[in-house]
Amino acid sequence: MPTQAILPKVLNLYASWAVITAAVDAILPPDTQPSDRKNYIERLAPQDPGNKVVLTEALVPHLASQGWLERFCVELISRSQTNAVLRGILSDQIAVNADGVADQANLQSLNNKVQPFLVSKTFFEGMEAARYRVCAIWIDDPYEPGFKGTGFLIGADLVLTARHVVERFLVPGPAGDVALAGAEQSLAFVFDYWAPVGAFAVAAPPSGLRVVRLVAPRENPPAGRWLEWSSMKHPDDGRTHLFGPPPIDQRLDCAIVRLAERIGAESIGGGGGKLRGWQRLSAPVRPPRPGSAIALLQHPSAGPQMFDKGDFVDSDPDPSTRLFYSTNTNGGSSGSPCFDATPDIVGFHNAGHPSAYPNRPTSLCNQGVLINQVIARLSVEKPGLLLESSAVFGTNDGLWSLSDDRQKPEPVLGRVDFKEAAFAMFDSHAVQRVLVVSEQNASGVPGKSGKSFSTRILRAIARRRPAIVVEFSAEEMKEFKSDRPEDFLLELGRRIDLGEMRGMPEKPTDERQRTRWWANDLPAWFGRLLEDRAKNAGLTVSETVIDRTTGPAAGQELVLRELVWIVIDDIHKSPPDGGLKELIAGMIGVTDTQQVLGPGLKSMRWLLIGHIPDFVREYTSQYKHDVVAYDTIGIEAWKSCIRAAVSAAGADGRYNDDTVAALYEYSKATLPDLADPGLRLKTLAGGVVPALKAIKVMQ
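Going by my numbering, the first residue of the sequence shown is number 1, and it counts up by one from there.
Among the clues, some could well be false.
Below, a list of computed lysine-lysine pairs in the DSS-like style, where the Cα atoms sit at most 27 angstroms apart [as the list claims (entries may be wrong)]:
| # | residue 1 | residue 2 |
| --- | --- | --- |
| 1 | K382 | K38 |
| 2 | K481 | K581 |
| 3 | K682 | K696 |
| 4 | K52 | K481 |
| 5 | K639 | K408 |
| 6 | K573 | K682 |
| 7 | K581 | K639 |
| 8 | K535 | K38 |
| 9 | K624 | K668 |
| 10 | K481 | K507 |
| 11 | K52 | K38 |
| 12 | K38 | K581 |
No wet-lab data here; the hints were simulated from the structure.
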C-alpha cells in the first residue's frame, strides 16, 4: 500500500470523490450521528471544502490517527470493482512514484492482462465473484509462521488446495493420508485479504480479514477430521515435464479440507447482501487449447490476493493431467484456481518452472493440475463431495445491517420494499430506474421517519457492486440556479471524475429552444461523456437485445457495467424548477420531447427522498415508490431482520420463528424506551444483537 505521504496523491489521481466519501462513510463508527456524517471530510479542511487535493491531504493523516486507514483502503478496493488501477496500487501490484503516479510499465502490463477480459461481462462478473472464494493459507509454524499457499472454496465449508501446502499435517498410510490432530490450531484460511497488512496475528487479524479454522478433531480416539480427500504429489512435479512412474493421474497433489464454518453460505459482508458462494465442481470442463488464456487468483509471496493472466501452452500426453502456462506465479501461489476465459475452473496451480527440463517449449512454464482428473477421482472415491460442491446457492441475501463489522452491527428494521426495489435496480436492464422515498406522516417524530437513512442503505447495497453513489442535499440543490442547470452536471461530473467535460452543446439564445437544450441536448451530452469514459476504461459490453413481446433477438446494444446513482435528499425542501427540472426530467427520461435514452443515461439511477416530484408523478411505470412508516414496525420486521442475519451468517438451521417471537416479547418487556415514539425504533434495533447472541449466531 502507498505510504501515508503518497496516498493522498494516489487518491487525487485515481479515485473519484464519490468513492472516497462512500468509503469514509462505511468505516465511521456505527454511533456516528447523521449530522456528523454529513460533509465529514469537508469539515477536516473547512477553509477549502471544495478542493480535493486539500481534502485528501487532511483526510489520510486523520484516518491514520484514528486507526482507520487500513479499513479505508479495504473499502476503496471493495468499492472500485471497475477501477483496476486503483485496486492494483492499493494491493502493491502497481508501483507509484513520489507524486503518486503509477508506473507505466506496470500499467501496460495490467492493461495487457486485464483489458481483454473486461469487455467480457461473463468473465468480469465471474472473476469478481471468485475473488471472494479464494483464501490465503496461514501455517502457524513455531519457527517460521506465515502464509504458505492458496486455496479456494468448492463447497460451503470445503477448500481445495495443493496437497504439498498442508503435507506436514498428513501421515501417508496404506489406505491414504491420515490427518494429524492438532493441525486445527496451526492452520488458518484467510479470506478477503486484498491489501498488504503489517504484522499478521492469526488470533487477532486486522479488520476486514475473515479467518476460518479447520473443523474440530475427533476426541476418542484423537484424530483430525478435517481431511476429506487427498492425492499425493508426483515425484516429478516441479522437476520436469516428462513424468515417469507412478501414473501421473494417480498423483494429483491435491487436498480437500473441511472448515469449521460454512463460510461459503455466508454473505461476503457481515451486514448481509451478496453471498460468498463457491466454485462448483459439477462436471468436467473443456481442456484449454494452446494460446488460450489462463488466469489465476493467487496469494504470491505471502501477500494480498493478486490476478495474473497468461497463455496456456501445452499439457502432458494422454491422460492429460498437468497444464503448462505462462501465467506468473510465486511462492505461496500453490493451490490457486486456474480459470479460462469463460471463466470456468480448469485446474489449480501446483508447481513453478521445472528445475531439470531445459530448452524445451514448456521450460519456462508454470504448472497446474487439470480439474477434470480431480472430478474423475472424486466421482469414484468420494462422490458425496461432488454432491456438496454441485449444490445450488443463491446470489443475494437480505441486508440486515448497515455495517459490515460483525462486532458492531447497525440493524435495519423494515424497509423491505426499499431494499427489494434497490436490488432490482442494480440490474443493468432494469426498466424502473427511479426510486422515490416519502413519509407516511411528514410530521412524524421518530427520526423524521428515517427517509435519509435510505442513502446509507443504498450505499451498503452498493458496497460490492460496480456502482457510484453521489448525494446532493437540499442545501446543495438550492445553489443550482434554475436557468443554469449545466452547473448541476458540471458538479456531478466533478464528483465522479469525468475530467474536463468538453463538448457541451452551445446554449441557445432563443428562449423557445432552451427547453429542448435543457431536456434533450444536455442530458444526451452528459450520457455520451459517461459512455466515452466507460469505453476508455473497458467498462462496456455489447449485449443482444431481446424483444420482450416477440421473443427473438432484436440486435445489439451497448451496456455500461458501472452504474451511477444520484441521490437527492429532501427534494421537497428545494424542488427543482425551470431548467433544472427539465434537465433532471430529461436525464430520467420523463419528458414529452425526450428522445430514446442512450446507454450512458440508462446507466444512471435516481433516489429521490422527500416526495414524488411533479415531473415524475404521472410516469408511474418509470419509478418505484417506497413509503416510510416506522411507527408500524413491530414483530414481523424484527423477525425479518434476525432471519436475514441468521442467513447472512450461513446458519439457517438456527432460526426458529417461535424462539425469535419470544425474544421479541422479552425485549418489549425489558426495554422501557419502546413506549417513547422518538426512541422506539432505535431501542428495537438495539435488541437485535442480544437476540442473535441468544440463538448463538453472534458471540
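Results for each hint:
Taken as a hint, the K382 and K38 pair is broken in the structure, with Cα atoms around 56 angstroms apart against an allowance of 27 angstroms. Distance restraint check for K481 and K581: the Cα-Cα separation of roughly 11 angstroms lies within the 27 angstroms cut-off, and the hinted pair is therefore satisfied. Proximity of K682 to K696 is assessed by CA-CA distance (about 22 angstroms); at most 27 angstroms being required, the pair is judged to hold. For the suggested pair K52 and K481, the alpha carbons sit about 24 angstroms apart, so the restraint of at most 27 angstroms is met.
Between K639 and K408, the direct Cα distance comes to roughly 19 angstroms. Compliance with the 27 angstroms bound is thereby established for this hinted pair. Distance hint between K573 and K682 is fulfilled; the C-alpha atoms sit about 26 angstroms from each other, no more than 27 angstroms. For the hint pairing K581 with K639, the CA-to-CA distance comes to about 41 angstroms; that exceeds 27 angstroms, so the pair is violated. The straight-line distance between the Cα atoms of K535 and K38 is roughly 33 angstroms, outside the 27 angstroms bound, and the hint therefore fails.
Proposed proximity of K624 and K668 is contradicted: the alpha carbons are some 33 angstroms apart, above 27 angstroms. For the proposed pair K481 and K507, the alpha carbon gap of about 15 angstroms is at most 27 angstroms, so the pair holds. Restraint check for K52 and K38: satisfied, since their Cα atoms lie roughly 16 angstroms apart, inside the 27 angstroms limit. The straight-line distance between the Cα atoms of K38 and K581 is roughly 25 angstroms, inside the 27 angstroms bound, and the hint therefore holds.
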